[in-house]
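Line by line, the protein sequences are chains A and B.
Residues in the first sequence are numbered consecutively from 1, following our numbering.
Residues in the second sequence are numbered consecutively from 634, following our numbering.
Hints may be right or wrong, so weigh each one.
[To be verified] Chain B is nowhere near these chain A residues, computed Cβ spacing over 12 Å in every case:
(1) ARG114
(2) GLN156
(3) MET206
(4) PHE220
(5) ARG231
(6) ARG238
(7) SER249
(8) ALA305
(9) THR370
(10) VAL399
(11) PHE629
[Unchecked claim] The calculated label-pair distances, taken between Cβ atoms and stated as ranges, are:
(12) B:PRO674 x A:ASP589: 24 to 34 Å
(13) B:PRO674 x A:ALA602: 43 to 53 Å
(14) A:ALA221 x B:PRO674: 47 to 57 Å
(15) A:GLU151 x B:PRO674: 27 to 37 Å
(16) B:PRO674 x A:LEU28: 41 to 51 Å
(17) B:PRO674 x A:GLY153: 41 to 51 Å
(18) A:THR481 x B:PRO674: 43 to 53 Å
(19) B:PRO674 x A:TYR472: 31 to 41 Å
(20) B:PRO674 x A:ASN275: 13 to 23 Å
(21) A:ALA618 x B:PRO674: 33 to 43 Å
(22) A:ASP143 x B:PRO674: 37 to 47 Å
(23) A:ASP209 x B:PRO674: 23 to 33 Å
(24) A:GLY363 x B:PRO674: 24 to 34 Å
Honestly, the hints are just simulated from the structure, not real lab data.
Please read these numbers as outputs of a predicted model, since none were measured by experiment.
C-beta: ideal position from N, C-alpha, C; glycine also.
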Amino acid sequence: MVLKRKVAFVDLTKGKVVYRDIPKELRLKHLGGRGLNWYYLYNNVPPEVRPYDPENILAVGAGLLTGLPAPGSGRTNIATKNPMTSGVGDSNMGGAFSPEMRYAGFDHLIIRGRAETPVYLFVNNGEVEILDASHLWGMDVFDTQTTIREEHGDEQVESLVIGPAGENQVAFANVMTGIKNAGGRGGTGAVMGSKNLKAIACRGTMDLDVHDPEGLLEYFAEINKRAYSSRWAKTLGRLGTPLLYDVSSTTGFIGTMNWQYNTLGEDGKPLEAENLTPYSIKMVACFGCSVHCRHRVKIDKGKYAGVFGEGPEYTMMGTFGTLVGCNDWEFVIKGNDACNRWGVDNLSLGAVMSWAFELYQRGYITDEDTGGLKLEWGDQDAVLELARMIVEREGIGDVLARGFKEAISHFGEETGYYAIHVKGHPNLHTDERGIPSFSLGIATSTRGADHLRSRPAIDLFQLPEDFLESLYGYKVSNDFTSYEGKGIMVWWHELLYNVVDSLGICKFQTVFNSPTSPKFEDYSKLIKIATGLEISKEDLMVIGERNYTLERMFNVMNGMSRKDDYPPERYFNEANKRGLPFMKGRKLDRDKYEKMLDDYYAQHGWDANGIPTEDTLARLGIEKPEKNFPEVE
Amino acid sequence: MTDKLHARCLNCRNRFEVKKGQNIAECDHCGSKWRISWVDPEQPKVQGPA
């Protein structure tokens with residue numbers, strides 16, 4: 001049955017693999033995916049282990065519902081110690097890798113050590129082989145996957161791979177699968193590169209036995225219809241995530257020219273989501289998804305003629321758009337293709353590059369630093385060249401590739417003010433300073449600045465407060481410029497997104513941008529039908545809290561506390577210069593932010609310094625770390 | 634099917650009426666004027682300011 005999938009402990013230094021069952025009590029405590037990955041990280045990576053040390057672990061996890069009829073159930077979670085923050089590094093990606101890993105008999109791969117020469121793993125029907133990858137080293141993301149499939153003579157092999165960015169240990173390198181599915185954020189690709197691990201390939205034909213197959217199909221049909229019929233899902237299936245641009249650009253919460261502005265305004269019209277349509281061949285989807293939120297695009301003529309790819313997502317519209325003062329869809333498509341081939345996190349790349357552009361504008365960086373490259377806003381060639389230099393670690397690119405913390409040390413502490421990050425982790429190009437709940441979310445996210453750990457996107461909809469009270473279980477304000485109740489909102493979404501990541505379900509099919517999408521109670525029923533496990537809505541919320549607190553404890557063990565839970569200083573000091581009248585002039589209020597942070601800690605049962613109390617740890621059953629990576633001989 | 638369809642105003646966040654096929658519409662709550670695009674014939678969406 002579903003619960004019979006195993007965990008493989010891989011020691012690359014010794015070239016050995018050990019297999020273990022996953023005890024049922026661990027499932028009941030952590031589910032799978034992100035939750036179980038962090039159970040293994042928390043217990044086996046002590047603070048003295050640095051991100052690129054062989055003793056660091058790279059954990060790959062399938063969710064409890066991955067590969068089954070469940071909404072968007074193709075997600076893979078990857079966890080490691082983050083090279084940018086020295087805390088939580090965590091990626092979640094779509095595609096079809098994890099379902100294949102389950103069909104090959106495994107739910108988790110816990111990988112440590114460093115191979116002497118490049119290797120890749122081949123996971124096939126209950127076995128994990130360590131194979132030579134010398135011939136793959138140096139290949140980009142696409143060629144690596146194609147070559148592996150050719151070598152195994154099987155088009156259904158699914159692979160997680162790194163590209164040049166991971167090989168070169170660019171701190172924000174991705175693990176990738178397919179044309180554009182990115183295990184981005186958290187530097188997982190860089191850690192994979194540090195282990196000389198080029199790829200993990202999977203092929204399996206083992207059945208996933210379901211507890212109640214007919215019941216699962218019936219309930220999936222019902223829940224899927226609900227997820228798919230929302231306004232959000234319909235728009236997503238038509239325009240992809242670029243749909244977010246129209247609202248963020250018009251309202252004025254999109255980082256522009258390194259967050260000096262909060263929209264391109266009229267100049268940004270060419271980037272409206274509808275203007276991508278002429279380049280779109282069709283919409284495509286990940287495993288198990290009926291939304292189809294991803295464009296497949298092609299440019300037929302002009303400077304970038306011949307570029308073909310998938311996406312671009314909304315994130316790319318910052319990296320090669322607003323953040324660097326560009327407003328050309330064809331350039332965004334070109335940049336998207338380059339990032340996907342390199343295997344680099346475009347969100348982090350955008351934040352780091354736009355910071356360099358502003359430092360150049362202000363004179364902190366000169367032509368001498370850049371080797372003559374003029375970092376002038378809107379210059380497409382300069383943007384693409386700087387990106388290449390970062391991936392290839394050439395000149396100034398080598399400094400920027402180390403991430404914000406090291407780069408700030410290099411250019412001077414004063415330059416840190418202009419770096420838009422939290423805990424050393426670069427932000428998405430959203431400008432959250434006018435939206436307190438979003439600001440709190442990026443500030444407290446365990447992997448550093450990020451929008452996918454807790455963002456209550458429905459806060460923007462001004463939903464009736466009685467509805468919000470029934471959803472969150474507490475009174476919260478429905479005014480997205482208010483601070484009232486927003487600590488609770490962020491807490492609730494942290495729990496939900498953790499459960500979703502631990503089940504292997506896509507966030508776009510939960511209460512992220514649509515209030516009617518599936519949530520805890522629906523997952524409780526799905527789990528019962530699929531696995532036979534009885535886990536109530538309340539149990540799921542406790543599991544989400546336990547998993548999130550475990551991540552928090554990993555950060556605490558690595559020296560983090562309240563001091564690390566603040567949005568960029570710029571958000572407190574500089575008001576929005578553009579946007580709709582109610583957004584213009586808005587910035588964060590420091591006193592109100594502190595109160596909101598207090599509320600958030602109290603809701604979690606953490607003390608005033610953001611440390612989980614002994615009572616909270618006892619309530620959640622979190623014990624002191626105890627190594628359980630089996631001895632491999 | 635009704636001809637009365639609605640989009641969300643980005644200024645006041647209320648839903649306002651949009652007639653089928655309309656390219657520009659005005660929010661009847663706050664008076665903001667918006668360019669409208671169509672996800673499908675039954676679902677209008679604000680694209681940007683008119």
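The hints, checked one at a time:
no.	hint	verdict
1	ARG114	holds, 49 Å
2	GLN156	holds, 34 Å
3	MET206	holds, 40 Å
4	PHE220	holds, 24 Å
5	ARG231	violated, 6 Å
6	ARG238	violated, 5 Å
7	SER249	violated, 7 Å
8	ALA305	holds, 27 Å
9	THR370	holds, 35 Å
10	VAL399	holds, 38 Å
11	PHE629	holds, 49 Å
12	B:PRO674 x A:ASP589: 24 to 34 Å	violated, 44 Å
13	B:PRO674 x A:ALA602: 43 to 53 Å	holds, 49 Å
14	A:ALA221 x B:PRO674: 47 to 57 Å	violated, 25 Å
15	A:GLU151 x B:PRO674: 27 to 37 Å	violated, 49 Å
16	B:PRO674 x A:LEU28: 41 to 51 Å	holds, 48 Å
17	B:PRO674 x A:GLY153: 41 to 51 Å	holds, 47 Å
18	A:THR481 x B:PRO674: 43 to 53 Å	violated, 34 Å
19	B:PRO674 x A:TYR472: 31 to 41 Å	holds, 35 Å
20	B:PRO674 x A:ASN275: 13 to 23 Å	holds, 21 Å
21	A:ALA618 x B:PRO674: 33 to 43 Å	violated, 57 Å
22	A:ASP143 x B:PRO674: 37 to 47 Å	holds, 43 Å
23	A:ASP209 x B:PRO674: 23 to 33 Å	violated, 44 Å
24	A:GLY363 x B:PRO674: 24 to 34 Å	violated, 54 Å
Of the numbered hints stated above, those contradicted by the structure are hints 5, 6, 7, 12, 14, 15, 18, 21, 23 and 24, listed in ascending order.
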